[in-house]
Every structure is written in structure tokens, then in C-alpha cells.
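The listed protein sequences derive, respectively, from chains A and B. If you use full-length UniProt numbering, the first sequence corresponds to residues 1 to 631, in order. If you use full-length UniProt numbering, the second sequence corresponds to residues 1 to 349, in order.
It is possible that some hints are incorrect.
Below, a list of computed lysine-lysine pairs in the DSBU-like style, where the Cα atoms sit at most 30 Å apart [claimed, not checked]:
hint	chain 1	residue 1	chain 2	residue 2
1	A	189	A	157
2	A	156	A	193
3	B	220	B	150
4	A	276	B	220
5	A	278	B	197
6	A	193	A	92
Read the hints as simulated data drawn from the structure, not as lab findings.
What follows is each chain in one-letter form.
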Amino acid sequence: MAKQVQQLERVVIRFAGDSGDGMQLTGDRFTAETASFGNDLSTLPNFPAEIRAPAGTLPGVSSFQLHFADRDIMTPGDAPDVLVAMNPAALKANLKDLPKGALVIVNTDEFTKRNLAKVGWDANPLEDDTLDGWNVRRIPLTSLTVKAVEGLSITKKEAERAKNMYALGLLSWLYNRPTEGTVTFLERKFGRKPEILEANVAAFRAGHAYGETTEDFAVSYEVKPAPMPAGTYRNITGNLALAYGLVAAAQRSGLPLFLGAYPITPASDILHELSKHKRFGVTTFQAEDEIAGVGAALGASFGGALGVTTTSGPGVVLKGETIGLAVMQELPLVIVDVQRGGPSTGLPTKTEQADLLLAMFGRNGESPVAVVAPRSPSDCFDAAIEACRIALQFRTPVFLLSDGYLANGSEPWHLPDVATLPDLHVEFATEPNREDGAFWPYLRDPETLARPWAVPGTPGLEHRLGGIEKADGSGEISYDPANHDLMVRTRQAKIDGIARFIEPLEVDDPGRESGEGARVLVLGWGSTYGPIGAAVRRARREGHKVAQAHLRHLNPFPANTAEVLKGYDRVLVPEMNLGQLSLLLRAKYLVDVTPYNQVRGLPFRAVELAEVITGLVEEVEKADANEGALR
Amino acid sequence: MTVADLPTPKLTAKDFKTDQEVRWCPGCGDYAILAAVQGFMPELGVARENIAIVSGIGCSSRFPYYMNTYGMHSIHGRAPAIATGLAVARQDLSVWVITGDGDALSIGGNHLIHALRRNVELKILLFNNQIYGLTKGQFSPTSEMGKITKSSPMGSLDAPFNPVSLALGAEATFVARTMDSDRKHLTSVLRAAAEHKGSALVEIYQNCNIFNDGAFDVLKDPETRDEFGIKLEHGQPIRWGGQGQHGIVRNERTGHLDVVDDVTDENAGRLLVHDVHADDPSVAFALSRLQDASLARTPFGVFRDVDRPAYGALVADQLQRAAETQGAGGTEDALASLIAGGDTWTVGA
Chain A
1 MAKQVQQLER
11 VVIRFAGDSG
21 DGMQLTGDRF
31 TAETASFGND
41 LSTLPNFPAE
51 IRAPAGTLPG
61 VSSFQLHFAD
71 RDIMTPGDAP
81 DVLVAMNPAA
91 LKANLKDLPK
101 GALVIVNTDE
111 FTKRNLAKVG
121 WDANPLEDDT
131 LDGWNVRRIP
141 LTSLTVKAVE
151 GLSITKKEAE
161 RAKNMYALGL
171 LSWLYNRPTE
181 GTVTFLERKF
191 GRKPEILEAN
201 VAAFRAGHAY
211 GETTEDFAVS
221 YEVKPAPMPA
231 GTYRNITGNL
241 ALAYGLVAAA
251 QRSGLPLFLG
261 AYPITPASDI
271 LHELSKHKRF
281 GVTTFQAEDE
291 IAGVGAALGA
301 SFGGALGVTT
311 TSGPGVVLKG
321 ETIGLAVMQE
331 LPLVIVDVQR
341 GGPSTGLPTK
351 TEQADLLLAM
361 FGRNGESPVA
371 VVAPRSPSDC
381 FDAAIEACRI
391 ALQFRTPVFL
401 LSDGYLANGS
411 EPWHLPDVAT
421 LPDLHVEFAT
431 EPNREDGAFW
441 PYLRDPETLA
451 RPWAVPGTPG
461 LEHRLGGIEK
471 ADGSGEISYD
481 PANHDLMVRT
491 RQAKIDGIAR
501 FIEPLEVDDP
511 GRESGEGARV
521 LVLGWGSTYG
531 PIGAAVRRAR
541 REGHKVAQAH
551 LRHLNPFPAN
561 TAEVLKGYDR
571 VLVPEMNLGQ
581 LSLLLRAKYL
591 VDVTPYNQVR
601 GLPFRAVELA
611 EVITGLVEEV
621 EKADANEGAL
631 R
Chain B
1 MTVADLPTPK
11 LTAKDFKTDQ
21 EVRWCPGCGD
31 YAILAAVQGF
41 MPELGVAREN
51 IAIVSGIGCS
61 SRFPYYMNTY
71 GMHSIHGRAP
81 AIATGLAVAR
91 QDLSVWVITG
101 DGDALSIGGN
111 HLIHALRRNV
121 ELKILLFNNQ
131 IYGLTKGQFS
141 PTSEMGKITK
151 SSPMGSLDAP
161 FNPVSLALGA
171 EATFVARTMD
181 SDRKHLTSVL
191 RAAAEHKGSA
201 LVEIYQNCNI
211 FNDGAFDVLK
221 DPETRDEFGI
231 KLEHGQPIRW
241 GGQGQHGIVR
251 NERTGHLDVV
261 DDVTDENAGR
271 LLVHDVHADD
281 PSVAFALSRL
291 QDASLARTPF
301 GVFRDVDRPA
311 YGALVADQLQ
321 RAAETQGAGG
331 TEDALASLIA
341 GGDTWTVGA
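Chain B extracted, bound-state conformation:
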């Protein structure tokens, strides 16, 4: 038996914990997400040292300190830009971005959409609690209109972003939504995101029990969750409600998605079948628009998962192609001929 035959020590959730004291408010949804990510990371099959987690600023962005991988807690909104540089320079790494609704969609909105349209190999986990937590309770870009906060005593006038719609609008190749408290679903979505080549945006509804407690209760409460939440599954007709009595059909005339509230065995055949691999993002976008301000008809799961060349791989291809067609740099001769350019003259001794 050689060393190579020895089984690689299998990592566990414990291996991804650091000795840092976790400093989120007791009861914060971030704990559940951290536990799920730590529990899921060993499944990735990637060595700890090859994982890098980059975050911006906000409660969620403390995340890298609690993960025993390489990490960077950076500056407000800029994590996707910084992570882009890292992912492009280091194709061998698995790069994750942890961000919040204020971080990703307000100050960092520009970087987010550009990382998504480029399809950089980043797994972006957007913790959405619809409030500014770290700055103590102002409305965020996902807060509902009319939200009363410290900075909006008469109600917020800003129309909110729907992060899933935004990501699909930026033509992200992977977009999903999940919930902090549903560990099984969260883990399954993380797994799908990790398997995706290119940018993956995962919106995670996360409860801020200090400034916006219960924002997602209708999606968690056993009394209402089946009525409000729609679990999307690839290849399955889109149905929800306790008995699957609600469903979606596509209006043949307008192309809109219509809700059917009395799905029966007879009309079930007309229901829209969810296709995450549809190249055209318009149905996925329409699904993201089903939701209303009360969170009624909130789809969960993977909205879109399509193949498109990833940015870093394209960059690497160009570097390789240049070396193949023009000859590799890296030698003194190559450098000397570069700096000499075409037109030189020589002065004799």
C-alpha cells in the first residue's frame, strides 16, 4: 500500500469552522446559513485551501471570518469586483461571494450586474433581509414601498428590487432563491450553484430578528407557507397549495403566466413545466414576477441554470492562444524584442 492509496481524510463541517467568536445577534438567520454552508462545504470535494470567500460590508459580510478557508472581508459593495480579479487570476480556486441586499443591490449594484453578465466563476450568496442591519435599521433596496424605518418615518418611497428579476435581467446563467430556515432546500440549491460553471446568484431570504423580524413568516408558517410559496423543480409542472390546487399556465394569446386556482386532473396537462435549462430567460423572468408585495406566490428553487462560457475560462483561453500563435513570452529574448519594437537604430562605440 502506498501513500496514494490511503484514503484522503474526509473533511467535516467542523473543519470549516474557525476559532472566531461568531458575532451575530442571537436568533439571526445568518447562523442557520453559516451552519448550512459549513455542513455543505465538505460535499464540494474541494480542499479548504482552494476555497476563497470574499464579502463586502454588512452583517452577512462577517461570514468569511467564520469559515476556515481563505477569505477577504472587503469594502462595501465591491466584493464581486474583487472576487472577479481573484477568480480570473486563479482559475484553480472555488470563489464564493457573501453579500447582503444593501451591499449587493445598493452600493454594489453596478459590480453585481457586471459580474453576472460576464459570467465570472463566482458563487454569489445574497442574504436578503429587506433591511439595513449593520447601520441599524434603515430601509434597503429590497424593502417594500411604504416601509416605516428610522430613515423613512412616513414610509419608504423607493420601489424595491426583486433580486431574482434583476439577476435574470443581467442574463445571469444561474439564479435561485432559498430560505435561511429551510436547511434541506438551502443545501440543495447550494449544491446546484456549486455544480454550475460560471456565475451563480443565490438569493437567501434571511430573517433580521432585530430590525425586520418576521419579514418572511408567511413563507415559513405552516398555516400559510403552502399558499404563499412555490417550490420550483426542474421537469415538474409548477403547482402549489396544500393539495397542489394552484398552478401556472402560459396564456397562448399573450404569453403571460396565468394562475389557475382549481387545478384538476383534467386541466393539469396544461400546466407550465419548469425548465431551468431554457435558453430564453423570459419564462424564468415571468416566474420571478409572480410574487407580489405581500410575498404571495413566491417561487423558491432554481429559476435558471444554463451553459454559457465562463469569463475566466475565456480569459485563460486568450492567454493560451496568444502564447501559441505569437510564441510564449517569459524569456529574456522575448522581452528584449518586445521593448525594442520595430524601429531601432544603433550608435556605434
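The following block holds chain A by itself, in its conformation from the complex:
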């Protein structure tokens, strides 16, 4: 008898296991199956910084969360509906996130005395009341896998390693995912090891068949494809989209891309990706340290390339002096900071957005730079192009503030038509710019205040740059007090003036047009866009009027920012830091904002944010009522 198929609107699944269990791969594959099915989705990988933490321990737990739905979604989900726990540590580490009633699939084979002891469990939680209230399926995944691959000439260890594919097969059945892609993937991955390939495919198919036949699962679920605008899509992570954005920007500017970088989590994947694209004229220089990485990028910029350096917070700190030099030399330079938990080494594999003030002010002297932030994994593509545009047009260092959540998280991406990407073409200086035939490297464009970019090899424009203060115009060394004052102000004015060349801040406030606008605005930047958006939707569904705006440009702010801020009674600013954007807004616009801050190494949960928003809206309404009573 065919099993019943139940329709769901959305599901949040978390795969959790030991670092060696292949949970990231399992999650990636489930994501790919889901993407090809046409659901909207959002993912959150979460893994330890150690390559292999001790097996079976809590610090060794690696997980991958996926939210997929038949509608547009914005986050990887607050709490899992399903937890796949490959061992006791995975169960213990994730149980606190799991609402009662959620489905828990546990690999009973791993619940040995020894493994239980490793996580401090005296008794087996599968046999006592620990899991009361959850919908638990006890499945011996390891032994079923070993049985499924019997007869293949592989070791027991190799057989056991295929258990993640068994679990993937089971989940693929349970949620009616297409399976061809995974088989093709395995063929690609293990093509050269036929026995291992066979074992993985057998385990995957066996897991699928188990779902079909076991009485444990009476129902499977289906989440219909999400309605999306017509077009071609792919699933993409932030780091990948960012790398593509840099390649695209280089192509649209006609300049070679030069990346100077030193490996650092979670930015390294950008280096890895760009290293593959030499045919696009991309040079990747893996430097001896962070300082050399940015130094080489700046040297390349001096030579007329699009110089980029990619790093994370600790690397930015090391690069500070060179960024200051780029400010003084007024050369284009893009500094990608994939933020992670800090300070110091902090939480290398966890996310945070606490480098905003570092990007703004982390250099000696008055040293203004432009700052841009992407809001979602796929948006990293557009944000990278925007950062390059500003760097090239204004001859300035630009910070691109991504973060670990965007870097590793993924979502479907509506592929852009590359012909319509912005034109970033640059005119190098080719002629003297003085009547006497001289070339002054600091004569500025009156519109943008950008100085001419004359590259070595151009006859007659020989000039010297350096970190010592420049005389206005000629660029000669100058210690003249009035000149320094003028140059400091001019460099600031150049960055401030970028505001005239960026889009105004857009506010999503459905009632505004009809005069029924919200009185509370939620303003964010960077990767909090998803959780804020989801929270705002929740609050609206509950009947609250609330507006949302999200900053792409953090320096300068869009020209209409003051106007937007002043248009609301209260402005809530959620950030994964202790209030860095709030500080900037208050200082610059002399308006109060209400910070909401969490620094947990994890994205905001939409449900919590929604409560904060609702609370604030109600507070404003209550204040009104009180005021009315006083009148």
C-alpha cells in the first residue's frame, strides 16, 4: 500500500553528527536536491574550528541546518522541525534548540556506554524519559548501512562511513526530494574509487528504501516548489557569490583582478575560488602574511589592476597600516572582511558583525574609507560589484563587510543577465593636466573629488606617491599646516560625497502611501537582513505596523538617512555586536535609536526579533494612550 503524502509549507531540518561524519556534505546534498526541486531555501552550516575535535565529544559536533519552503523565506529557521542526530553528542548539543514535538532521528548504534560517558550521560536517553515529548525514531543507521553494503570489498570502517548517505537517503524519501542529482554527484566524487562509490550509492538507496518499507514512517511529506520570478536559478553561498562578483567587476572594468590574500577562516574560500579562474585574468597571490597580502594588492593597484584583499577581522587589524597608505595615495583597493566572532582569534567559525567600527576607524589619523555590506548570500555578488565600483570611481579603499553566516550559508540565486551589470570602465590619465605640461597626481575631478590614476608605463606622467602628506594638487611632500588641514578635509569630503552617487535608503512601509504608515522602523545592515525581514513579517502578520530598511552603504550613509530616521517615533537597530551602527547613527544624526544586540556567534532568531519588534510597537501605542489620557 502506498504511503500517505502530507503537504507542508515549510520544514527546518538539522543534520548533526561528529566532525568526521560528513554532516556538511550531507547538508549540502540535501540542499542541492531541494534547490533543484524548486523550493526556496536558506542554510546555516555550523562547525567546530578544529579540523577534527575528539570524536564523539560535544566540541566535535558539526551541524547543518536547512530551511525550505513553498514560499519566499529569509532565514535558515529558528528551530528545527527535524533533528538527525548521528551520536549522543549530536543529540545532547542540539536538543536544547528543539521544540517539543519535533521529529528526532537518532542513530542508536552510537549510543554505547562509552559514547554516552563522553558527553556525561550516565543513563541512555533513548531508554529513559529524557526524550519525552519529542517524536523519536530510533534507527540503527550504522549497522543498517553496513548491512546494505555487504559483499563489497571495503573495510568495515569504510562501510560505516557511508552512514551519512544512508541518513540522506532516508530524509530524501521522507521529504520527497529528487535523488538523481545525488547519485550523479557521488559518481563525480568517487569516480576513481568504484568500491567506495558503490557503497555510498548503495547506502543512499538503502536509506531511501528503508523509509518506504519501515513502519516507523507512515507518512512522507511534500513541500511544493516556491513561486519565484521566471528565470534561471542556482543555489549559492556568500563566499562563492562574492568571488564571482569580483570576477564580474574586473571584467566590467576591463582591468585584471589581483587578489593578495593570506588564508583565514571564514574568508579562505574566496581565495580558493578565485584561484580557479586564471582564464579570466585573475591573479591570486597567496602572501606570506596578511600585511603582504594587502601590500601586494596595493602594489597591483598602483600598476593599474583591480587590487583586492580578502580576510577576516584579525587580518584587517594587520592590514590597517597599508589601508591607511591607500587612503593617502588615493588608490582603488577593495578589502573584503568576512567577519567572525572576536576579539582576537575569537570564534573563528562563528559569525558576528562587530568589525563595523574597525572598518570605519581602525587606522591612525583621519583615514576615511567607504564601507559596503551585503545582506544575503546571493547579494554578496552585487555588493562586491558595488564595492569595486566605488573603489575605482573614487580611487579609495572600500571595505566589503560580509560575515561567516553569509560566507557559508546558501540560498537560491536568480542569475543576473551579465550584459546588464554596471559598466565600471575606468579612464587612466594619459596626458599632462597642467598648462605647463606637468602632471599633478592630486588634481581632482570636481564632481567626485577623485584624483587622476596614472599608471607606470605612461610617458610624461612619472610621479611619486607615498604615505607622507601631499600638497594639494601637485602631490609633493608637504608639512604645511594649512595644507594638511585642507587635505584631511578633502579626503573626508571625497568619501562623504559618495553619498551623491549611491541609491537612497529604501523603506518598506506598506501603509506609508495611504497615510497609515508605521511608527516603528527596524533598521539593519549586513547579514541580519534575513532574520529582520522574517521578524517584520511575523509582526505584521500579528497586525502590527512596522517598517523595515536595510543599509547597504555604511560609509557614507545614503543621503536620505536622516530623513528616514526622523520619519519614525522609534528606530530599532538589531545587530550582532554591542551597538556599533547605533553608535554611528546617534553620533551622526543626533537622533536616538533603540539597539537590540546579540553576540552569540549565531544569526538572530526571527521569533525573538519579532517579540522585540512587537514589544516596541506596543510600547509606542501605549505611550500614545497615556498621552491621550493626560490631555
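Given chain A, work out where chain B should sit, using these hints.
Relative to the frame of chain A, chain B by itself:
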């Protein structure tokens, strides 16, 4: 006669001067080096606009301001890194690095050794005055142990680097030493460095007449210079002293270099013949270690000059090979197919 037949205007030293007032202390050895470089540059046969000079911080690092080429006075110690980016991005340029002993060997030590081991196409001129000049007189990484300075009133405890040994240890493909006051020798070494493909490190002993005056006098004074200095010449037996009475032989048992103080016609045949092209750097390294703290037995000239693929050329090769084997990027189609990757799906209108 066409324009092409017209002789290219020949550049002179004057063409490489800028209108900047040179601000080194009167009597500084840097003036002599500047004059030698300006005098030598026309010989390079490279157009001014195709020369870029990158420096770090320190007295020597003011150098680019006085050279009418493209230039960058950068930040302390980082010139080799910045110049690496420039040289790799622009294979068509002749890129020079001007640095000092503090700049190159202290704050920038890391970048120096990595530029040398990669064999980036850089000509690195290391002005060594064995003192910190710009910060006014502290000991440097090449100051002798026991040096009394403002920051070492009881004598420096740091063992000094020998820059030539350091460069050879990093497997630099070209290493030489010369002297600010010996213009002829300096120019000949610059010429050899310029002709070398890849990294060239030239250590130039340079007198700081304010904070370390006379540091190299024993190598300059006619009374002592022949006794203290050893001129290395490729293909020639290594001999020095007024009458060539000193020489080097290689100990057959230990492989060490032994000094012979009574070279005669009979034993001259055993003298070590200098070979700059020896692939193995160990003899060059041993030569660099002959020198002692008093500068006795200081070799000058080219220690090593070997061929090894240069970094920028290798980078360019890979870019070209990628374009040949995978098809050149640079078109909208190529970009579109890159960003689409393998797994896409289409939603109908």
C-alpha cells in the same frame, strides 16, 4: 627618412633627477648612491616611464622622490610586498626596491626573504649603515654586538644579521655587496643586478656620518682596505692583500674555506676560483661567512648569480596556460557560464 629612423633621444643622468630638494644630511653616503644610480639608469636602456622604484621607510627610502621615474614611498618594511604586487601585475616594468638595514631586515624581514625565495623580478638595493638613522641612532639588525647606542647604553645584546648570508639562506638567485664610495664597483654591480632575471639583492655599505660615522673606514682607508676587503670576480682565483698574498682554499677533508696567508706561485693553483653561477649556494654562503666583526675579510662583488624561473613570469605562464586550455574569459558568455556553474534550474514565466 622616417620617424622610426630618428635616433631615440638618449637619456642622461640629468633626466633621472627630479626638482625635489634632496634632504639627506650633508655628507651622507646616500648622495653617492643616488648619483651612481642616476648615472647608471640611462645604461639600462629602459624608458623612464617603465621604471618603478618602491621604498619603505627610513633615510634611504626617501630615494624615490629624487628619481624621475614612477615611484612609491610606502610603509616601513613592506616595500618588497608592495613591489611584488606591482611586478607581478606589470611584467613590462623594471621594478626596484630601495631599503635600509632596519627597513629590510627588522620590520620587513619576512617580506624580504619571501620575495627572494619566490624570485620575484625585483632589484633590491639594501643600504646598510648598521644603525637606525631616521629614528636617530638606535642599534639596527646589522649593528655589531656590544654597540653602544641610545637604546643600548650598555651595549647591544643582539647578534647581527649578515644580509648576504641571509639572502643566500633564502636562496636568492642574485646576491652582491658593494660600497657607497666606490662608484665604479657600485655601478658594475648594479649593471649585473639589472641584467639578472629574477630577484637581485645588492647590499650597499653606506656611511651614516651622523650616527655611525666611519663604520666602514677600514674598507675604504688606503692603508687597510686591501687587507680587509676581498674583491670577488667570476672565474678568478680569490686573492687579496696588497700583493695578492692572501687567498682561499677549500679544505679537502672538511669542505671549509681556509685562508692561506702566503700565496706563492707554487700554491696559487690550489686557490678557490670564484664561480657566481654555481647552482649550490654553499660556497657562496661560506664566502659570506669569512667576514668577522671587525670587517676583516669582507668580500665585495657578486656572490651568486644563477638562473631560476622568475615568479612573475611563472604567474603569467599560468594565466596564459589557463586561457589556452580552458578558453579565454573576458566575454559575457564566459562570465555567464561561470556564474551559472553546473546546477541550475529554470522557473518558467
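For each hint, the structure was consulted:
no., hint, result
1, A:189 - A:157, "holds (19 Å)"
2, A:156 - A:193, "holds (16 Å)"
3, B:220 - B:150, "holds (27 Å)"
4, A:276 - B:220, "violated (55 Å)"
5, A:278 - B:197, "holds (24 Å)"
6, A:193 - A:92, "violated (35 Å)"
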